[in-house]
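K.L.:
Sequence:
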Amino acid sequence: MFYTNKAGGDYAELLRWRLFFFTNEGNEPVPIHAEKGEMECKFWIKVDEFEIEKSIGYHMNPNFRKEIRKIIYEHFDYIVEEWNQYFMK
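Residue 1288 in the working numbering sits at position 14 of the sequence shown; the count goes up by one each step and never skips.
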């Protein structure tokens, strides 16, 4: 389950990655942010295509990019459902 933090975003912990949303990202495809230690990244989830697209990434090597993509794909429906619950209120 995603939890709301004081900054207004929602977050979940999956395999030591913190996944979260921001409430002010406009009309982008479903944006999911992830961080683990010094690493952080943002992906856009394209629901209709069952696809994710990398937007940005910092301090990430190819193995960690692969790991977070896998986590997002494995939890694709869950992330989209949580995003819809929060933003379609």
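Be careful, since some hints might not be right.
SDA-like mimics (lysine to any residue), calculated; alpha carbons at most 25 Å apart, straight line [what the hints assert, rightly or not]:
id : residue 1 : residue 2
1  : K1328     : M1313
2  : K1320     : T1297
3  : K1320     : D1351
4  : K1340     : F1350
5  : K1316     : K1344
6  : K1320     : L1289
7  : K1310     : W1357
8  : K1320     : Y1360
9  : K1328     : P1303
10 : K1316     : Y1352
11 : K1320     : F1361
12 : K1344     : E1325
13 : K1340     : H1307
14 : K1340     : M1362
15 : K1340     : Y1352
16 : K1310     : V1354
17 : K1310     : S1329
18 : K1344     : V1354
19 : K1316     : R1292
20 : K1320     : R1292
If you're looking for bench data, these hints aren't it; they were derived computationally from the structure.
K.L.:
Decide, hint by hint, whether the structure agrees.
P.N.:
Comparing the hints with the structure gives:
no., hint, verdict
1, K1328 x M1313, "holds (14 Å)"
2, K1320 x T1297, "holds (18 Å)"
3, K1320 x D1351, "holds (11 Å)"
4, K1340 x F1350, "holds (15 Å)"
5, K1316 x K1344, "holds (14 Å)"
6, K1320 x L1289, "holds (23 Å)"
7, K1310 x W1357, "holds (20 Å)"
8, K1320 x Y1360, "holds (17 Å)"
9, K1328 x P1303, "holds (11 Å)"
10, K1316 x Y1352, "holds (17 Å)"
11, K1320 x F1361, "holds (16 Å)"
12, K1344 x E1325, "holds (12 Å)"
13, K1340 x H1307, "holds (15 Å)"
14, K1340 x M1362, "violated (30 Å)"
15, K1340 x Y1352, "holds (19 Å)"
16, K1310 x V1354, "holds (21 Å)"
17, K1310 x S1329, "holds (17 Å)"
18, K1344 x V1354, "holds (15 Å)"
19, K1316 x R1292, "holds (12 Å)"
20, K1320 x R1292, "holds (20 Å)"
Comparing the model with each numbered hint stated earlier shows that hint 14 is the single one that does not hold.
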